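One line per chain: the protein sequences are S and D, in this order.
Numbering-wise (our numbering), the first sequence opens with residue 17 and increments by one.
Numbering-wise (our numbering), the second sequence opens with residue 3 and increments by one.
Since the hints were made in silico from the structure, they are not lab data.
Just so you know, these numbers come straight off a predicted model, no measurement behind them.
A few of these clues could be false.
Said to hold, decoys possible - Over the 12 Å line for every Cβ pair with chain S, so calculated as not near, a few chain D residues:
#	residue
1	Gln44
2	Gly84
3	Cys181
What the hints assert, rightly or not - With a Cα cut of at most 27 Å, we get these calculated BS3-like pairs of lysine-lysine:
#	chain 1	residue 1	chain 2	residue 2
4	S	Lys219	S	Lys233
5	D	Lys106	S	Lys64
6	D	Lys217	D	Lys187
7	D	Lys153	D	Lys106
8	S	Lys64	D	Lys153
9	D	Lys187	S	Lys20
Unchecked claim - Each pair of labels, with its calculated beta carbon distance range:
#	chain 1	residue 1	chain 2	residue 2	range
10	S	Val24	D	Asp143	54 to 64 Å
11	S	Val24	D	Ile28	40 to 50 Å
12	S	Arg39	D	Leu45	34 to 44 Å
13	D	Gln74	S	Ala186	19 to 29 Å
14	S	Arg39	D	Gly33	50 to 60 Å
Using N, Cα and C, we set each Cβ at its ideal position, and we do this for glycine too.
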Amino acid sequence: MECKDIEVVLEQEGLEPLPEEARAHLAECVDCRSYVADLTALVDVANKLPAEIAPPERVWVSLRAQLEAEGIIRQAAEEVTAQPTSWWSSLQAFFSNRVLATSSVGIVLVAAAVFLVRSESVAPPSRAEIARRTPPITQVVPPANQPAKGPNAAGPLTAPSRVSAPAEFASTAQALDDQEPLATGLIASSNSTIDASLRDNLKKVNEFIADCERHLKDQPQDELTREYLSAAYQQKAELLSAIIERGRSIN
Amino acid sequence: MPTGVESPAKVGTTQSPRLATEADAIRLAQGGDAGAFEQLYQLHSRRVYALCLRMVGNPSDAEDLLQEAFLQLFRKIGTFRGESAFSTWLHRMTVNVVLMRLRKKSLPAASLEETTEPDEETGGPRKDIGAPDLRLSGAVDRVNLERSIEKLPPGYRTVFVLHDVQGFEHNEIAGIMGCSVGNSKSQLHKARTRLRELLQEDLRDQARAERHAAKTQAGLGD
């Protein structure tokens, strides 16, 4: 066997096990022996590189939202109603179906909220009660002299006009408003689908918060809307946290 | 530089027990079941992400590619009939998505027919005569290998990552890349040879820098 034959053997048979003839040649040829040793060394290191790398959770969050938006996931609502859930899970599930159906069903699964705005000592409405009392979200905000408006309403989406937050949420709302420019600035120039989805989610959450705040201004006794608003602030906190984490990883 | 979960087990070692679960998940996903989609994602996303990350070299693009690959997969899951392994089908989509992205970025998306230049005199392996300091044994580490992998042409990089990092066999790579087994073997060998050259260049640069530093130090000491 000659040096040029070693190349053919390595291409067809790989590094191990080498045929007897090839090993005999390597025993006599320093250059071929070094060549094979080099290839073996780099393959050994390559074999030890991690074959799996965990992606950030936000990828599944965004992917799932997209799949639901396209109707590819068709059983999310049935899955949720089939299981007994806590008050918070009920509200999240309700939101995912009614209000932020295309966007934030996964956002609520993201790591811990920045703020906890309501204690769980407040008696939660039951699932049946929510379903009975609550009209589609576009009707939750029926200001007397304005058309019903919400994230799912038809027509161009504009920046939501805000009234002041209810007193018990004022500091939370202010803190979130202070964080928002930092977060959106980190991904402002990105064209990726994930960042576009995050910006869209944030817009929808802000619109919903604005709707709830306006409704509570007119009907401050509406506890259900107060619960919705509480949950929406928490979702916004989680969303801003995800945006900041994402922004820091790409900058 | 990718850092991730250590995973000494390569693909294929626990194929049979996992296959029953995956087959059920595929069937349920074809019916729109949310949990099934998530299960399939959890089963495969880490390997796909590792591949994307090594192909494009930055987490942001890799995340986009991961999402795009699974989006395409789940959109077409109704057409999956099991003629090939699900993993092969998924990785084929991933490779296509990645190579399309690299082409759009105007990087030279090498065809699978890239050639190296064999030694012109003997036709044998490239030799580095008189360069004992360029032996790779003991000199290759993860960092400089990952750096060198990023410099490989996309076609070579794909085959090398699939085989030597992720543990796919040549028949699987042939299915993923749409080539023959012989072609896969050929490209792998060329990838390894090219990596050897890149690593030796790295060593040469390091040795040069060290000599320069030593001279500078000696000059200062005079």
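Verification of the hints:
no., hint, verdict
1, Gln44, "8 Å, violated"
2, Gly84, "20 Å, holds"
3, Cys181, "14 Å, holds"
4, S:Lys219 <-> S:Lys233, "21 Å, holds"
5, D:Lys106 <-> S:Lys64, "32 Å, violated"
6, D:Lys217 <-> D:Lys187, "45 Å, violated"
7, D:Lys153 <-> D:Lys106, "18 Å, holds"
8, S:Lys64 <-> D:Lys153, "19 Å, holds"
9, D:Lys187 <-> S:Lys20, "17 Å, holds"
10, S:Val24 <-> D:Asp143: 54 to 64 Å, "30 Å, violated"
11, S:Val24 <-> D:Ile28: 40 to 50 Å, "41 Å, holds"
12, S:Arg39 <-> D:Leu45: 34 to 44 Å, "41 Å, holds"
13, D:Gln74 <-> S:Ala186: 19 to 29 Å, "46 Å, violated"
14, S:Arg39 <-> D:Gly33: 50 to 60 Å, "56 Å, holds"
Checked against the numbered hints listed earlier, the structure breaks hints 1, 5, 6, 10, 13; every other hint is satisfied.
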